[in-house]
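Residue numbers (my numbering), protein chains in the order written: chain A, 9 to 200; chain U, 9 to 200; chain L, 9 to 200; chain C, 9 to 200; chain V, 9 to 200; chain R, 9 to 200.
There could be a bad hint or two in this list.
If chains are identical, the list can't say which one is meant, so a pair holds when it fits in one copy or spans any two.
[What the hints assert, rightly or not] BS3-like mimics (lysine-lysine), calculated; alpha carbons at most 25 Å apart, straight line: (1) Lys-49 - Lys-189; (2) Lys-160 - Lys-49; (3) Lys-155 - Lys-63; (4) Lys-16 - Lys-189; (5) Lys-189 - Lys-14; (6) Lys-16 - Lys-167; (7) Lys-167 - Lys-47; (8) Lys-184 - Lys-148; (9) Lys-49 - Lys-63; (10) Lys-178 - Lys-47; (11) Lys-189 - Lys-124; (12) Lys-126 - Lys-189; (13) Lys-148 - Lys-14; (14) Lys-170 - Lys-160.
The hints are simulated quantities; they were obtained by calculation from the structure and are not laboratory data.
6 protein chains.
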Amino acid sequence: GPSHAKTKYETNNVTGVVTGLAWTRVGGDILFVECSTNKGKGKLTLTGNLGDVMKESAVIALEYIKANAHHISLEDTDFENLDFHIHVPEGATPKDGPSAGVTMLTALASKLTGRKVKKYLAMTGEITLRGQVLPVGGIKEKILAAKRANIKEIILSEKNQKDVEDINPKYLEGLKFHYVKEMIEVLDIALV
Amino acid sequence: GPSHAKTKYETNNVTGVVTGLAWTRVGGDILFVECSTNKGKGKLTLTGNLGDVMKESAVIALEYIKANAHHISLEDTDFENLDFHIHVPEGATPKDGPSAGVTMLTALASKLTGRKVKKYLAMTGEITLRGQVLPVGGIKEKILAAKRANIKEIILSEKNQKDVEDINPKYLEGLKFHYVKEMIEVLDIALV
Amino acid sequence: GPSHAKTKYETNNVTGVVTGLAWTRVGGDILFVECSTNKGKGKLTLTGNLGDVMKESAVIALEYIKANAHHISLEDTDFENLDFHIHVPEGATPKDGPSAGVTMLTALASKLTGRKVKKYLAMTGEITLRGQVLPVGGIKEKILAAKRANIKEIILSEKNQKDVEDINPKYLEGLKFHYVKEMIEVLDIALV
Amino acid sequence: GPSHAKTKYETNNVTGVVTGLAWTRVGGDILFVECSTNKGKGKLTLTGNLGDVMKESAVIALEYIKANAHHISLEDTDFENLDFHIHVPEGATPKDGPSAGVTMLTALASKLTGRKVKKYLAMTGEITLRGQVLPVGGIKEKILAAKRANIKEIILSEKNQKDVEDINPKYLEGLKFHYVKEMIEVLDIALV
Amino acid sequence: GPSHAKTKYETNNVTGVVTGLAWTRVGGDILFVECSTNKGKGKLTLTGNLGDVMKESAVIALEYIKANAHHISLEDTDFENLDFHIHVPEGATPKDGPSAGVTMLTALASKLTGRKVKKYLAMTGEITLRGQVLPVGGIKEKILAAKRANIKEIILSEKNQKDVEDINPKYLEGLKFHYVKEMIEVLDIALV
Amino acid sequence: GPSHAKTKYETNNVTGVVTGLAWTRVGGDILFVECSTNKGKGKLTLTGNLGDVMKESAVIALEYIKANAHHISLEDTDFENLDFHIHVPEGATPKDGPSAGVTMLTALASKLTGRKVKKYLAMTGEITLRGQVLPVGGIKEKILAAKRANIKEIILSEKNQKDVEDINPKYLEGLKFHYVKEMIEVLDIALV
Ligand SMILES: [Ca+2]
Ligand SMILES: [Ca+2]
Ligand SMILES: [Ca+2]
Ligand SMILES: [Ca+2]
Ligand SMILES: [Ca+2]
Ligand SMILES: [Ca+2]
Ligand SMILES: [Ca+2]
Ligand SMILES: [Ca+2]
Ligand SMILES: [Ca+2]
Ligand SMILES: [Ca+2]
Ligand SMILES: [Ca+2]
Ligand SMILES: [Ca+2]
Numbered sequence: 009g010p011s012h013a014k015t016k017y018e019t020n021n022v023t024g025v026v027t028g029l030a031w032t033r034v035g036g037d038i039l040f041v042e043c044s045t046n047k048g049k050g051k052l053t054l055t056g057n058l059g060d061v062m063k064e065s066a067v068i069a070l071e072y073i074k075a076n077a078h079h080i081s082l083e084d085t086d087f088e089n090l091d092f093h094i095h096v097p098e099g100a101t102p103k104d105g106p107s108a109g110v111t112m113l114t115a116l117a118s119k120l121t122g123r124k125v126k127k128y129l130a131m132t133g134e135i136t137l138r139g140q141v142l143p144v145g146g147i148k149e150k151i152l153a154a155k156r157a158n159i160k161e162i163i164l165s166e167k168n169q170k171d172v173e174d175i176n177p178k179y180l181e182g183l184k185f186h187y188v189k190e191m192i193e194v195l196d197i198a199l200v
Numbered sequence: 009g010p011s012h013a014k015t016k017y018e019t020n021n022v023t024g025v026v027t028g029l030a031w032t033r034v035g036g037d038i039l040f041v042e043c044s045t046n047k048g049k050g051k052l053t054l055t056g057n058l059g060d061v062m063k064e065s066a067v068i069a070l071e072y073i074k075a076n077a078h079h080i081s082l083e084d085t086d087f088e089n090l091d092f093h094i095h096v097p098e099g100a101t102p103k104d105g106p107s108a109g110v111t112m113l114t115a116l117a118s119k120l121t122g123r124k125v126k127k128y129l130a131m132t133g134e135i136t137l138r139g140q141v142l143p144v145g146g147i148k149e150k151i152l153a154a155k156r157a158n159i160k161e162i163i164l165s166e167k168n169q170k171d172v173e174d175i176n177p178k179y180l181e182g183l184k185f186h187y188v189k190e191m192i193e194v195l196d197i198a199l200v
Numbered sequence: 009g010p011s012h013a014k015t016k017y018e019t020n021n022v023t024g025v026v027t028g029l030a031w032t033r034v035g036g037d038i039l040f041v042e043c044s045t046n047k048g049k050g051k052l053t054l055t056g057n058l059g060d061v062m063k064e065s066a067v068i069a070l071e072y073i074k075a076n077a078h079h080i081s082l083e084d085t086d087f088e089n090l091d092f093h094i095h096v097p098e099g100a101t102p103k104d105g106p107s108a109g110v111t112m113l114t115a116l117a118s119k120l121t122g123r124k125v126k127k128y129l130a131m132t133g134e135i136t137l138r139g140q141v142l143p144v145g146g147i148k149e150k151i152l153a154a155k156r157a158n159i160k161e162i163i164l165s166e167k168n169q170k171d172v173e174d175i176n177p178k179y180l181e182g183l184k185f186h187y188v189k190e191m192i193e194v195l196d197i198a199l200v
Numbered sequence: 009g010p011s012h013a014k015t016k017y018e019t020n021n022v023t024g025v026v027t028g029l030a031w032t033r034v035g036g037d038i039l040f041v042e043c044s045t046n047k048g049k050g051k052l053t054l055t056g057n058l059g060d061v062m063k064e065s066a067v068i069a070l071e072y073i074k075a076n077a078h079h080i081s082l083e084d085t086d087f088e089n090l091d092f093h094i095h096v097p098e099g100a101t102p103k104d105g106p107s108a109g110v111t112m113l114t115a116l117a118s119k120l121t122g123r124k125v126k127k128y129l130a131m132t133g134e135i136t137l138r139g140q141v142l143p144v145g146g147i148k149e150k151i152l153a154a155k156r157a158n159i160k161e162i163i164l165s166e167k168n169q170k171d172v173e174d175i176n177p178k179y180l181e182g183l184k185f186h187y188v189k190e191m192i193e194v195l196d197i198a199l200v
Numbered sequence: 009g010p011s012h013a014k015t016k017y018e019t020n021n022v023t024g025v026v027t028g029l030a031w032t033r034v035g036g037d038i039l040f041v042e043c044s045t046n047k048g049k050g051k052l053t054l055t056g057n058l059g060d061v062m063k064e065s066a067v068i069a070l071e072y073i074k075a076n077a078h079h080i081s082l083e084d085t086d087f088e089n090l091d092f093h094i095h096v097p098e099g100a101t102p103k104d105g106p107s108a109g110v111t112m113l114t115a116l117a118s119k120l121t122g123r124k125v126k127k128y129l130a131m132t133g134e135i136t137l138r139g140q141v142l143p144v145g146g147i148k149e150k151i152l153a154a155k156r157a158n159i160k161e162i163i164l165s166e167k168n169q170k171d172v173e174d175i176n177p178k179y180l181e182g183l184k185f186h187y188v189k190e191m192i193e194v195l196d197i198a199l200v
Numbered sequence: 009g010p011s012h013a014k015t016k017y018e019t020n021n022v023t024g025v026v027t028g029l030a031w032t033r034v035g036g037d038i039l040f041v042e043c044s045t046n047k048g049k050g051k052l053t054l055t056g057n058l059g060d061v062m063k064e065s066a067v068i069a070l071e072y073i074k075a076n077a078h079h080i081s082l083e084d085t086d087f088e089n090l091d092f093h094i095h096v097p098e099g100a101t102p103k104d105g106p107s108a109g110v111t112m113l114t115a116l117a118s119k120l121t122g123r124k125v126k127k128y129l130a131m132t133g134e135i136t137l138r139g140q141v142l143p144v145g146g147i148k149e150k151i152l153a154a155k156r157a158n159i160k161e162i163i164l165s166e167k168n169q170k171d172v173e174d175i176n177p178k179y180l181e182g183l184k185f186h187y188v189k190e191m192i193e194v195l196d197i198a199l200v
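Isolated chain A, as found in the complex (with noise of 0.2 Å):
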């Protein structure tokens, strides 16, 4: 069935679209954050079968780009007349925990920054409300995922790097790593 295919990677020509790293019991896959907005009235939507822990990444992200709006030129973005939307595929595949707050959070600034996001880039950490970059489990199948679906660059939280470091090298060929302590590092780096 499609539910257990692995992803491939799809250039996101597009804003609002960004490539997750994802760890379930049948190994390590790629995921796609989709984010769109429209006239509203500040709602948040969130779909894709997620679980608790993932929708309050989303939270999190929205709240910290509304407080943190002048760092990303956002500062005149009317946030209380816009409804936000981040859709996960696969609706199958049920999704939980905090490893795509990085991806949620760069879906979301690439969305209203009308930025696109850098190709060939994958990224997974969990994010907290001041703004750092946590580090997250399952990073060895992770980064198995990115190869086998093309991905070039990698971006992770700096407490991640030790993990990246126990892996055997010859896996590692042909991957870029980002090593972050800031959110605001990851969109630097993933917003072209």
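Starting from the structure of chain A, add chains U, L, C, V and R with the ligands where the hints point.
Frame of chain A, contents of chains U, L, C, V and R with the ligands only:
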């Protein structure tokens, strides 16, 4: 009882009604997605004993139409002052999964544009917020059900083409397939 | 106890009250659907220990009436400033399933148009948003219950005609059947 | 503990308090339904550890009073700017079932009209939206409890008359029964 | 751990704090009910790990105070523009039952009138919407806990007097009891 | 995996971030409470996989600050036009209990006053609506975790002093303890 009876195709000679393909424990079947709109406040009502994943498909479909209104000549539609209702008979049968996404999208678009849907056409496919049509499961069972119900044309994700090619050709006689990548292609084919 | 007693038909000499047919573990029975309206904000209240599928029938009925108001001379009704209440006695008995759809539709239409319902008439059938009447189960048990309760005429989906023809004719004596395809036919027959 | 103690009748020398009859696992008992109103927005608050069916009775009672305000001289009541609260002591005891319907109706009507309730009167019966009083169970246990509590008159559905006639007359001494068909009869008997 | 420690009475030298008596699996204890108000829209917030029945007591207390504002010199209070918060420490201990009703009533009334609560006073009793104080369970355990906590006076329902008289008098030395019938008596005794 | 890793203290060189002490099945740990505010309507959003009791602590903290705004120079803050967000990383770890009360209070107060929090300071304690700091459990485990994380000062309830005195002094070297009774003392010590 009526709940296990196979549904027959009926000419949907009205706007807002689209034929989908379902795959349940008792095999494939066709289903109808019905859409109506009324003066309101942007509320989306979903009936027909739908599971959470299927409800999310409707949310994505409406969100996509709002964000891409100009692509389907709906730029003058006042979405905020309409209520939307999507119903999937039959109420006694629980339904779930993402595969009715294209069907819901087309029902909403048909109702809102006032364009009827091509006769003897059915469809199945997951939709995403950025406009893609993703592959779904149960293709063989769905196609057999479509033939029994007198369907002539079927829209599928291009990624389901391999599933069709695995089917013995004698079961495909008299059926025309449309393989699509984008949601906008579905509307181009389906709305007359 | 009173909860297993079979209900008797009573002249519904008021608007907004319609006789339906129910099929439960303890056999067939008639039931009454009662509707009242008050000045309000468009809210629909449902009581009578109703399951989710039965509640959805009421939502579909109201939505259909709003979208087709001009077909039943309700084009001047200010639906947004009315509250609607549908109750199905008896509260101690849980009720579910889609077969009260036509009964709920007729109760709402009777209350809103001020037209009473034909005497000694009962009905059972699922409704859809586009206006169809779908077949339901338990036809034999429902018909026996209707006879016991002194019902003279019954409205059914045309797709339930075969179920009636399977019944020994001696049980059908004194009963007149109306087989319908569309919801509008139900209202034509039922409202006097 | 206090939760199994039998309640004694107390003169309800205020408006909005009505004596009902309950039937639980530990036998019959009387209960009080208390109603208060405050300036508000039409909200109905229900307390006293009430189950869903019992809550529905309160909703039906209020809806009936609103729709029939002119029958009980409440046509000038501004229901939309009042909040309603119905409480059934004792909070430690879960309560459910439709039989408090007439009691809730009378409590609301007493509070809203300012008319007190006849002394030494109790009642039990399900209500419907069109104004009927339906029979309820546990009649024998309820009557014995009423006698113990010093009740002198009891209102019942006319369809519970047969249940009273099955009781040994010695248990009925000193009790006067009112058998009613319509909810308006209850209010005529109960409100002084 | 702290959750099983017995609480000591502390002078509640502020308005809105009242000492109650609790009865749990590990015996009797005193508890504090704290109330604060802020500018708002009439919302009642309840914290302290409270069960549904205990939450209902707070709803009844507030409703009673609103409906009887003139009896406690609150006729000029603008209830619709205040928010109310009742908290019962300690959050780790689940609490339920109706016996904190009088305590919640007194805390709200103290905060709203600005009158402090008599020192070394505790209370326990269920409240009803019409203003009665009903008896509660665990009287012996509650009284022993009150003594341990240095309480000098206790308010109880007059229907709990028999429970006090069953206790060996040596346990009652130094305690003064107030037996009340009406909620207004509680406020007369408690508010200084 | 990252979820069992012990957290290290990091200089919270921003407002709205406070270090707390947690006690879980796998021992003691430090945690961070992060607070942000945005233009809004008084809504409080809580993320970080928090249980009901921990969420209640945040509600109490905000309520206390609103009711005592003048004590911390916030009398001009327009609470009704702000939204509040409290987050406790790490999202994969469920968290509950009342002991983060002082930490949440301090995070909110720091954000709203713009005052930073003293460096190398951690705290643990339940809060109440009237302003007390109550003792909490797991003191030994929390203190060991604080030392490991390089904490230098700890705020505790005065009722936890005995728990500290039971610990072998060699584990307390280099730690300074602040024993407090009132929430306002916490803010005096913590906000620089
Ligand atoms: Ca995949
Ligand atoms: Ca991920
Ligand atoms: Ca079917
Ligand atoms: Ca389908
Ligand atoms: Ca019946
Ligand atoms: Ca029926
Ligand atoms: Ca009782
Ligand atoms: Ca009763
Ligand atoms: Ca205690
Ligand atoms: Ca108590
Ligand atoms: Ca940690
Ligand atoms: Ca803590």
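Each hint, compared with the structure:
1. Taking the closest pair of Cα atoms, Lys-49 and Lys-189 never come within 25 Å of each other, the shortest separation being 33 Å inside a single copy and 32 Å across copies.
2. Taking identical chains as interchangeable, the C-alpha atoms of Lys-160 and Lys-49 are never at most 25 Å apart, the minima being 38 Å within one chain and 44 Å between chains.
3. In this assembly of identical chains, Lys-155 and Lys-63 lie within 25 Å of each other by CA distance neither inside one copy nor across copies; the values are 27 Å within and 34 Å between.
4. In this assembly of identical chains, the alpha carbons of Lys-16 and Lys-189 lie at most 25 Å apart only when taken from different copies (14 Å versus 28 Å within one copy).
5. In this assembly of identical chains, Lys-189 and Lys-14 lie within 25 Å of each other by CA distance solely across copies; the values are 18 Å between and 29 Å within a copy.
6. Taking identical chains as interchangeable, the C-alpha atoms of Lys-16 and Lys-167 lie at most 25 Å apart only when they sit on different chains, with a minimum of 12 Å there against 27 Å within one chain.
7. When the C-alpha separation of Lys-167 and Lys-47 is checked against a cutoff of 25 Å, the pair qualifies neither within a copy, at 39 Å, nor between copies, at 33 Å.
8. Taking the shortest Cα distances, Lys-184 and Lys-148 sit within 25 Å of each other inside one copy (15 Å), while across copies they are farther apart (42 Å).
9. For the identical chains of this complex, Lys-49 and Lys-63 are neighbours both inside a copy (19 Å) and across copies (21 Å), given an alpha-carbon limit of 25 Å.
10. Taking the shortest Cα distances, Lys-178 and Lys-47 never come within 25 Å of each other, neither inside one copy (49 Å) nor across copies (50 Å).
11. In this homomeric assembly, Lys-189 and Lys-124 come within 25 Å of each other (Cα to Cα) both inside a single copy, at 22 Å, and across copies, at 21 Å.
12. Proximity of Lys-126 to Lys-189 under the C-alpha cut-off of 25 Å is found in both arrangements, the shortest distances being 19 Å within a copy and 23 Å between copies.
13. In the homo-oligomer, the alpha carbons of Lys-148 and Lys-14 lie at most 25 Å apart both inside one protomer (16 Å) and across protomers (21 Å), since each shortest distance falls under that limit.
14. Within a single copy, Lys-170 and Lys-160 get their C-alpha atoms as close as 20 Å, which meets the 25 Å cut-off; across copies the closest is 28 Å, which misses it.
Hint violations for this structure: numbers 1, 2, 3, 7 and 10, all remaining hints satisfied.
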